[in-house]
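K.L.:
Residue numbers (the numbering used here): 14 to 122.
These are calculated hints, taken from the structure and not from any lab test.
Heads up, a few of these hints could be off.
What the hints assert, rightly or not - Straight-line Cα separation of at most 27 Å, DSSO-like style, residue types lysine-lysine; simulated pairs:
1) K94 / K48
2) K63 / K14
3) K63 / K50
4) K14 / K48
5) K63 / K48
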Amino acid sequence: KRREREMQQQMESRDEETLELKETYSSLQQEVDIKTKKLKKLFAKLQAVKAEIHDIQEAHINERQELEQTQNELTRDLKLKYAVCISLGLPSNKDVSRRPIKAIGRLIV
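Working from the sequences, and respecting the hints, build out all of it.
P.N.:
Spelled out as structure tokens, the structure:
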């Protein structure tokens with residue numbers, strides 16, 4: 014998607030350059046008017062790109078905050094489950110790795 018946008022921009026800039034080379038001006042005022050119009054057009058494009066960048070940054074910030082919140086919730090749940098396991102006397106991961114699988118099955122059920 015990004016590459017397509019870049020290619021499209023390159024094509025547009027080439028087209029504009031070609032048109033600019035073909036244009037001849039009847040007076041300096043006409044040249045100023047045409048170039049002012051082009052400048053305004055390019056400035057509008059710049060503002061649009063800046064707005065798009067800002068929107069993407071905002072979306073990134075929101076997504077990151079959501080991921081951090083999810084991570085905090087999962088960490089809290091894991092700590093709670095670990096505390097429950099400890100209070101029930103279930104073995105820790107180190108103990109589980111040393112016991113036979115059948116014994117573990119009896120503890121969990």
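K.L.:
For the pair supplied as a hint, K14 and K48, is the alpha-carbon distance within the 27 Å limit?
P.N.:
At roughly 31 Å apart (the allowed maximum being 27 Å), K48 and K14 break the hint.
K.L.:
Would the pair K63 and K14 pass a check requiring their Cα atoms to be no farther apart than 27 Å?
P.N.:
Holds. K63 to K14 sits at ~18 Å (cutoff 27 Å).
K.L.:
Holds or violated: K63 and K50, Cα atoms, limit 27 Å.
P.N.:
20 Å, holds
K.L.:
For a C-alpha distance cap of 27 Å, please report whether K94 and K48 respect it.
P.N.:
68 Å, violated
K.L.:
Taking 27 Å as the top limit, are the C-alpha atoms of K63 and K48 close enough?
P.N.:
22 Å, holds
In this structure, the earlier hints numbered 1 and 4 are contradicted, and the remaining ones agree with it.
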